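Q: One letter stands for each residue in the lines below.
2 protein chains.
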Amino acid sequence: FFALGRQVTIEYYECGATAFLDAVRVEDALLKAAKDSNATIISSSFHQFEPQGVSGVVVIAESHFTIHAWPEHDYAAVDIFTCGDNINLEAAITSMKESFESKNVLISSDQNRGIISKPFAKQHIGQTLK
Amino acid sequence: FFALGRQVTIEYYECGATAFLDAVRVEDALLKAAKDSNATIISSSFHQFEPQGVSGVVVIAESHFTIHAWPEHDYAAVDIFTCGDNINLEAAITSMKESFESKNVLISSDQNRGIISKPFAKQHIGQTLK
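From first to last, the protein sequence lines stand for chains R and F. Residues 1 to 130 in our numbering are what the first sequence spells out, letter by letter. Residues 1 to 130 in our numbering are what the second sequence spells out, letter by letter.
Take these hints with a grain of salt, some might be off.
Identical copies go unnamed one by one, so any copy, or any two together, can satisfy a pair.
[Said to hold, decoys possible] Below, computed lysine-lysine pairings styled on DSSO-like, alpha-carbon distance capped at 27 Å:
id: 1; residue 1: 118; residue 2: 97
id: 2; residue 1: 118; residue 2: 103
id: 3; residue 1: 32; residue 2: 118
id: 4; residue 1: 35; residue 2: 118
id: 5; residue 1: 97; residue 2: 32
id: 6; residue 1: 32; residue 2: 103
id: 7; residue 1: 97; residue 2: 35
id: 8; residue 1: 103; residue 2: 35
By construction, these hints were calculated from the structure, which means they are not laboratory data. Values in this document were obtained by computation on a predicted structure and should not be read as measured data.
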């Protein structure tokens, strides 16, 4: 059996005081992280909430990046969903750590999604469960 | 302490043969699920892949719905990220089960996101960790 996708959740705590005040800045950070990870960007959509807060998603050919940021807690919840082996997750996570000036980054889950049985004859190398 | 958000992942296996062939149909299903859960829809973005596959996100005021669907496996990976107590997750999950004609639905994780310490004086009832 193998997994079609992989979903990683990352907690960015103790971020810079201005990291999440502006949706454009947050969008730039996620687009940069997606590029740094070798993802192919398809679209992005970001929203500023009143009095504060930013939500956003970047759809990539390999699945997605999402973020929900609480400036009042210097915190953002990120998740990265990928398929295939071309995405450098470490690069994406480090890129956002720098953009958000986070002093406390926690990879809080790393989950296989879509665990599929497959006849042996159809298996390809590298499709085993990671 | 309490959690700012909650992220639930759902696996829809054994879906209908035509459930994921058309991105518009998948988008309609997610928008319906978001409405059925009492979410406030902000934006949605869906993409059809060649030769097959659909990815999409619905940004809601309370955070997001995402989906990645593999028609060749009759499978879709969904996640729902919420803040606050106004979203009826059960209604959303059941709505998509019906839309996708899934015979095998698995809630594969239910994760608290952004666990924050808060001075006792500032706590409100209902903000304890669930």
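Q: What label fits residue 97 with residue 35 when the C-alpha limit is 27 Å: within, between, both, or neither?
A: within (15 Å within a copy, 34 Å between copies)
Q: Given a CA cutoff of 27 Å, do residue 118 and residue 103 count as a within-copy pair, a between-copy pair, both, or neither?
A: between (43 Å within a copy, 19 Å between copies)
Q: Are the CA atoms of residue 97 and residue 32 at most 27 Å apart within a copy, between copies, both, or neither?
A: within (12 Å within a copy, 35 Å between copies)
Q: Up to 27 Å between alpha-carbons, please classify residue 35 paired with residue 118: within, between, both or neither.
A: neither (32 Å within a copy, 36 Å between copies)
Q: Reference check for the pair residue 32 and residue 103, CA-CA at most 27 Å: within, between, both, or neither?
A: within (19 Å within a copy, 40 Å between copies)
Q: How do residue 32 and residue 118 come out at 27 Å by Cα distance, when the copy is not named: within, between, both, or neither?
A: neither (36 Å within a copy, 32 Å between copies)
Q: Please work out whether the CA atoms of residue 118 and residue 97 approach to 27 Å or closer within one copy, between two copies, in both situations, or in neither?
A: Between copies only: 24 Å across chains, 38 Å inside a chain, cut-off 27 Å.
Q: Given identical chains, is residue 103 near residue 35, meaning Cα to Cα at most 27 Å, within a copy, between copies, both, or neither?
A: Within. Shortest intra-copy distance 23 Å satisfies the 27 Å Cα cut-off; inter-copy 38 Å does not.
Hint violations for this structure: numbers 3, 4, all remaining hints satisfied.
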